[in-house]
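Required output: the full structure, derived from the provided sequences and hints.
Chains D and L, in that order, give the protein sequences.
Quick note on numbering: the first sequence equals residues 121 to 223 in the working numbering.
Quick note on numbering: the second sequence equals residues 4 to 201 in the working numbering.
Rather than coming from a laboratory, the hints here were simulated on the basis of the structure.
Take these hints with a grain of salt, some might be off.
To be verified - Using C-beta positions, here's what the derived DEER-type ranges look like:
id: 1; chain 1: L; residue 1: Ala161; chain 2: D; residue 2: Pro175; range: 15 to 21 angstroms
id: 2; chain 1: D; residue 1: Arg223; chain 2: L; residue 2: Leu24; range: 49 to 55 angstroms
id: 3; chain 1: D; residue 1: Lys211; chain 2: L; residue 2: Phe175; range: 39 to 45 angstroms
id: 4; chain 1: D; residue 1: Lys211; chain 2: L; residue 2: Val102; range: 21 to 27 angstroms
id: 5; chain 1: L; residue 1: Leu26; chain 2: D; residue 2: Lys211; range: 49 to 55 angstroms
id: 6; chain 1: D; residue 1: Val191; chain 2: L; residue 2: Leu24; range: 32 to 38 angstroms
C-beta: ideal position from N, C-alpha, C; glycine also.
Chain residues, written in single-letter form:
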Amino acid sequence: MSQSLDAYLVLSGILFAIGTFGFLARRNAISMLMSIELMLNAVNLAIVAFGAFIPKLATAGSVIALMVIAVAAAEATVGLAIVIAIYRNRKTPLVDEYDAMRR
Amino acid sequence: MPRGLLTILGSLALLGALVALPLGLVLVGLITFGDDVLFFVLAEVLILSGLLVVTMRDIIRCGLAMIVCFGALAGIYVIAGAPLVAAAQVLVYIGAISVLILFAIMLTQTKDAPAALVFQTQALAAAAAAVVLAIVIALTVGATDWGAAGERIHTATAQLAEVLFNQYVLPFEVVSVLLLAAVVGGVFLAKREEGGPS
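Shown next, in the form of structure tokens:
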């Protein structure tokens, strides 16, 4: 099982689906950011799995995964800063109450 | 019986079930002993904690479940033969991003937040879409010939450094500039304005 690419890819797909559900269904902006982190991790798992099983990608897989981790860190920093800035103005972390552009 | 004791007993029972399932599969002969059992247990922990992240009511517990999820994923990276990525996962995700998210939760939590509704009205449709997505990905993975080798290829750290600092040195530097820009942007966005509302 741990010797087949399919197991890793299916696991990655399940984790990505969980993240998708969280992003679509949660009301809290930080919960949505956490779901995005889950999805990024799922993609990273797929990249590492490809690197581990396809000879052409042997080391490139790990390099790309490291780059994705760094970019995800940047994304988390800016995303959380935006959430905190919005929270300071609207006093709520719930995204369905951010309706200033609908009224 | 006190509630704390019940929680501990329940967690122990769950842990036992998580370990017993792959051992049962070994006995049946579906998987072999060794890495497979470890992979199975880590995959179970990963999926369960991922589900807890998106379903639990109390958002601070969601954050803690997310740390468990990242830890299990680091273990899977080790099994996949990428120890440096696993180390980066522990350092960056468990060490930095989780702490960042926990701090953001504490900064934005209101008194009535846990009591309010957790899910949007489209939660059921979202769940259906997620299940369909998982099934489609699984079917696609099963139907595609990836040209994969039968054996895992272990990525040695020295070899990885060689590639990272020769072939990929420009992306590496660009990422460092990106991180700097993100830090400056984050500080600018989150800082209080002079004389503005506190």
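Exercise. Which hint numbers does the structure go against, in order from smallest to largest?
Worked result: Every hint satisfied by this model.
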